[in-house]
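Asker: One-letter residues, chain by chain:
2 protein chains.
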Amino acid sequence: MKSEILATGDEIRSGALVDSNSAFIAEKLEENGIEVVRHTSVGDDISMLVSTLREIGDRVDMAVVTGGLGPTTDDLSAQAAAIAAGVELAFHQAAFENVESFFKKFNRPMTESNRKQAYLPSGSKILYNPVGTAPGFALTLGRCRLFFLPGVPYEMKRMLTDHVIPEMVSLQGDAAMHSRVKTITTFGLPESLAGEKVAGVEAAFPGIKLGLRANFPQIQVKLYGRDKDAALLDRRLTEAGRWTLEQLGRNVISENGERMETVVGRLLLERSATIGLAESCTGGLMASWLTDVAGSSAYFLFSGVTYSNPAKIDVLGVRPETLERYGAVHEETAREMAEGVKRVAGSTYGLSTSGIAGPDGGTDEKPVGTVCVGFAGPHRSFGRRLYFPFGKRLMNKKIFAMAALDILRKELLDAGEW
Amino acid sequence: MKSEILATGDEIRSGALVDSNSAFIAEKLEENGIEVVRHTSVGDDISMLVSTLREIGDRVDMAVVTGGLGPTTDDLSAQAAAIAAGVELAFHQAAFENVESFFKKFNRPMTESNRKQAYLPSGSKILYNPVGTAPGFALTLGRCRLFFLPGVPYEMKRMLTDHVIPEMVSLQGDAAMHSRVKTITTFGLPESLAGEKVAGVEAAFPGIKLGLRANFPQIQVKLYGRDKDAALLDRRLTEAGRWTLEQLGRNVISENGERMETVVGRLLLERSATIGLAESCTGGLMASWLTDVAGSSAYFLFSGVTYSNPAKIDVLGVRPETLERYGAVHEETAREMAEGVKRVAGSTYGLSTSGIAGPDGGTDEKPVGTVCVGFAGPHRSFGRRLYFPFGKRLMNKKIFAMAALDILRKELLDAGEW
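Residue numbers (this note's numbering), protein chains in the order written: chain C, -12 to 405; chain E, -12 to 405.
No lab work stands behind these hints: they were computed from the structure.
Incorrect hints may appear among the rest.
Where chains are identical, the list cannot tell them apart; a pair therefore holds if satisfied intra-copy or between any two copies.
DSS-like mimics (lysine-lysine), calculated; alpha carbons at most 30 angstroms apart, straight line [claimed, not checked]:
| no. | residue 1 | residue 2 |
| --- | --- | --- |
| 1 | K15 | K397 |
| 2 | K144 | K196 |
| 3 | K379 | K209 |
| 4 | K397 | K92 |
| 5 | K379 | K353 |
| 6 | K112 | K379 |
| 7 | K209 | K353 |
| 8 | K184 | K103 |
| 9 | K353 | K196 |
| 10 | K15 | K385 |
| 11 | K91 | K353 |
| 12 | K184 | K15 |
| 13 | K169 | K91 |
| 14 | K353 | K397 |
| 15 | K144 | K385 |
| 16 | K112 | K397 |
| 17 | K(-11) | K112 |
| 18 | K209 | K397 |
| 19 | K215 | K379 |
| 20 | K144 | K209 |
| 21 | K112 | K385 |
| 22 | K184 | K169 |
| 23 | K112 | K169 |
| 24 | K91 | K209 |
| 25 | K103 | K92 |
| 26 | K(-11) | K397 |
| 27 | K379 | K196 |
| 28 | K15 | K379 |
| 29 | K91 | K112 |
| 30 | K(-11) | K385 |
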């Protein structure tokens, strides 16, 4: 059984928006053994939508369509599906209740245009949207089962998991090919070097396909496998994964897609340790990442985002002489910031950044891309200077923050469990 | 004249890679007055490639195809184009020299598989690649002119600008349509309500098309226009923009795509004012946004990310009695945090957040999604309680941070320029 994905919307057609939904859907479908053969995007144009839906209905067995389910006049998916299937739009009570419940929850008045969202092609099945106003629907067109989902990524993702994947898997039945992907997240190796280290995996483990994906500033090494025999596939992927982890060593952050902040958070928890941050050039990004993790209040106590020198002195207790002698971007200043925040926060560890994210402020001695990371732990403290050649402010902020957290991660690993 | 975009490759088909090339190409084509009606992606499958190329050749006048020009066996674009056009692959000396020059420049040995890259469909025109090994080519299929480019983004972008756009513009000739888009960024209105407020724009300004885009937690209202007469188009879009801005009122953050942090930063600069932040539930996100803006050190002094109560007391000077009496999430606590950070940072304004981002920590009285924002300015200070029903930690962090910055934005607007 083959499937296709259709993304609708003028923003996608005109290039104002990158369609990341289709890649997400394709990955999930393939993981569940459903072959994806084509993605298409068209704009909010009724005749284009109708003809594209008919083509898809003629070509494949299953399809996921995103976008065009909202309340406004350029939301045309239900209308296009009805025309393509030769049926009328009909008021669906369950869809109306879906829309209504959302407004009740928000305690907001429902508008007349939201009522439009309850008009769906006659004979279609409602796909309940628990996180937004737009219910989806499923409809059979020719031999093809079409699933219509909202374009808002988090709504689409939830409904894909809740409704679409289970029905597709059941439609597919015994024809299912299992596929798996193992994602190893690394930091500190450029993509080409990471690629060279693991290039041998395809030869050593037949049936495994290698892919590298830059998720700046992390590099993801992905191992793909496909087989009818799920147990064999799992065994093969486990062995290939073990080999790959060995090649990558301490550059591996996680082997299950977990991000740096989740890994660092767990290492802190396991050691009953707490952290305080002092951020200059990273501007709160390290704190924001760490606090993205639910439950982070168990180990994250405080970050002083000290952009100005007075804040470094008053809040963190950095000595004015140090700032005068070395400047704000220096190993010694960074070390004092880390020690200061450890003291102020009363935390087990202190971590700091001070650097030049750009675009201005660079000098010959300290060009844009220079960062000093300060570390203060129970037994020692140090400052370390690093340089990254990216030249872009937002990239620098990210790689500075990631590099500092990576220093903390390695110190926590070396400290062992307490 | 209509155009399409085709992205090829198993990485895109399977979702391992998000296709950002097609959005880039669509945007450039539309900017140059070339209408894009469809994007398609298919994998490295010769029969699929051939049939897709033939369909495109039957449907439109021009197309850009990316990917499949490399040296490996799964690079099939030249072969597929030759089959679709009914011609042979032929050795192209100019293509060979393109490949060879790249290896010479980098002093690397050229492999036999690279020689394959010089075999292109007979009768095709070489598109020189100055930054990579894969030359592109152009070929006429039926009534359609097809341009084949590498999938590597920076190679594709260079060759699109150098070769494809100029030839497309010249093919299009007098038929060129200019297109424009005006992006109005709003905060504080749900999408449906924003849509209703501006729904009349299409009727009032014929030729203008309306689009709404949720860029959580902001809503973008987009006005699209297309016309042969660029001056007329600009005038019409300006008038439609003025009308739309009036409907949206103070919910408008910017009318040029600028983000909240850029707007707030400029308002502070214009008033020679500075800001200090005290962040609990937003965990550094407000600081990170504000410091994403180059030059923000001119007005951003400090953020105290005070997750723990001791940090709120020690760093910000919140009174222990206040915390005891009202708890951390309360208008009064938020107000004291804002006043405290204004004092500690020595800033003109202080802004604070304290709330419950979830997933845990909610109560009946203060459910997940509750945030208290504190504001302290030169003339007054206050705390305000807000509630958002999203229930997801990362969404709550974002909307809490945006809501707090929006309170600051409105206070700055009311303060006028100094």
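Asker: If a hint holds in the structure, say so; if it does not, say that too.
Answerer: Now for the hints, and whether the structure bears them out:
1. When the C-alpha separation of K15 and K397 is checked against a cutoff of 30 angstroms, the pair qualifies neither within a copy, at 33 angstroms, nor between copies, at 43 angstroms.
2. Both within a single protomer and between protomers do K144 and K196 lie at most 30 angstroms apart by alpha-carbon distance, with minima of 26 angstroms and 28 angstroms respectively.
3. Taking CA atoms no more than 30 angstroms apart as the test, K379 paired with K209 passes in both settings, with 27 angstroms inside one copy and 28 angstroms between copies.
4. Only between protomers do K397 and K92 lie at most 30 angstroms apart by alpha-carbon distance; the minimum there is 28 angstroms, versus 45 angstroms within a single protomer.
5. For the homomeric pair K379 and K353, the shortest alpha-carbon distance inside one copy (15 angstroms) is at most 30 angstroms, but the shortest distance between copies (41 angstroms) is not.
6. Taking CA atoms no more than 30 angstroms apart as the test, K112 paired with K379 passes between copies only; the shortest distance there is 28 angstroms, against 49 angstroms inside one copy.
7. For the identical chains of this complex, K209 and K353 are neighbours neither inside a copy (36 angstroms) nor across copies (43 angstroms), given an alpha-carbon limit of 30 angstroms.
8. Only between protomers do K184 and K103 lie at most 30 angstroms apart by alpha-carbon distance; the minimum there is 16 angstroms, versus 56 angstroms within a single protomer.
9. For the identical chains of this complex, K353 and K196 are neighbours neither inside a copy (42 angstroms) nor across copies (50 angstroms), given an alpha-carbon limit of 30 angstroms.
10. Taking the shortest Cα distances, K15 and K385 sit within 30 angstroms of each other both inside one copy (28 angstroms) and across copies (26 angstroms).
11. In this assembly of identical chains, K91 and K353 lie within 30 angstroms of each other by CA distance solely across copies; the values are 18 angstroms between and 56 angstroms within a copy.
12. When the C-alpha separation of K184 and K15 is checked against a cutoff of 30 angstroms, the pair qualifies only within one copy, where the shortest distance is 28 angstroms, while the shortest distance between copies is 38 angstroms.
13. For the homomeric pair K169 and K91, neither the shortest alpha-carbon distance inside one copy (42 angstroms) nor that between copies (33 angstroms) is at most 30 angstroms.
14. For the identical chains of this complex, K353 and K397 are intra-copy neighbours only, at 26 angstroms inside a copy versus 39 angstroms across copies, given an alpha-carbon limit of 30 angstroms.
15. In this assembly of identical chains, the alpha carbons of K144 and K385 lie at most 30 angstroms apart whether taken from the same copy (26 angstroms) or from different copies (19 angstroms).
16. In this assembly of identical chains, the alpha carbons of K112 and K397 never lie at most 30 angstroms apart, being 52 angstroms within a copy and 45 angstroms across copies at closest.
17. Proximity of K(-11) to K112 under the C-alpha cut-off of 30 angstroms is restricted to the intra-copy arrangement: shortest distance 21 angstroms within a copy versus 36 angstroms between copies.
18. Taking the closest pair of Cα atoms, K209 and K397 come within 30 angstroms of each other only inside a single copy of the chain (23 angstroms); across copies the shortest separation is 47 angstroms, beyond that limit.
19. In this assembly of identical chains, K215 and K379 lie within 30 angstroms of each other by CA distance neither inside one copy nor across copies; the values are 46 angstroms within and 37 angstroms between.
20. When the C-alpha separation of K144 and K209 is checked against a cutoff of 30 angstroms, the pair qualifies both within a copy, at 21 angstroms, and between copies, at 25 angstroms.
21. In this homomeric assembly, K112 and K385 never come within 30 angstroms of each other (Cα to Cα): the closest approach is 44 angstroms inside a single copy and 34 angstroms across copies.
22. Proximity of K184 and K169 under a CA criterion of 30 angstroms is satisfied intra-copy only: 17 angstroms inside one chain copy versus 47 angstroms between copies.
23. Within a single copy, K112 and K169 get their C-alpha atoms no closer than 35 angstroms, and across copies no closer than 37 angstroms, so neither meets the 30 angstroms cut-off.
24. Within a single copy, K91 and K209 get their C-alpha atoms only as close as 43 angstroms, which misses the 30 angstroms cut-off; across copies the closest is 28 angstroms, which meets it.
25. Within a single copy, K103 and K92 get their C-alpha atoms as close as 19 angstroms, which meets the 30 angstroms cut-off; across copies the closest is 61 angstroms, which misses it.
26. In this homomeric assembly, K(-11) and K397 never come within 30 angstroms of each other (Cα to Cα): the closest approach is 45 angstroms inside a single copy and 53 angstroms across copies.
27. When the C-alpha separation of K379 and K196 is checked against a cutoff of 30 angstroms, the pair qualifies neither within a copy, at 33 angstroms, nor between copies, at 35 angstroms.
28. Proximity of K15 to K379 under the C-alpha cut-off of 30 angstroms is restricted to the inter-copy arrangement: shortest distance 22 angstroms between copies versus 33 angstroms within a copy.
29. Taking the shortest alpha-carbon separations for K91 and K112, only the intra-copy value of 23 angstroms comes in at or below 30 angstroms, while the best inter-copy value is 61 angstroms.
30. In this assembly of identical chains, the alpha carbons of K(-11) and K385 never lie at most 30 angstroms apart, being 40 angstroms within a copy and 39 angstroms across copies at closest.
Consistency note: the structure conflicts with the earlier hints numbered 1, 7, 9, 13, 16, 19, 21, 23, 26, 27 and 30.
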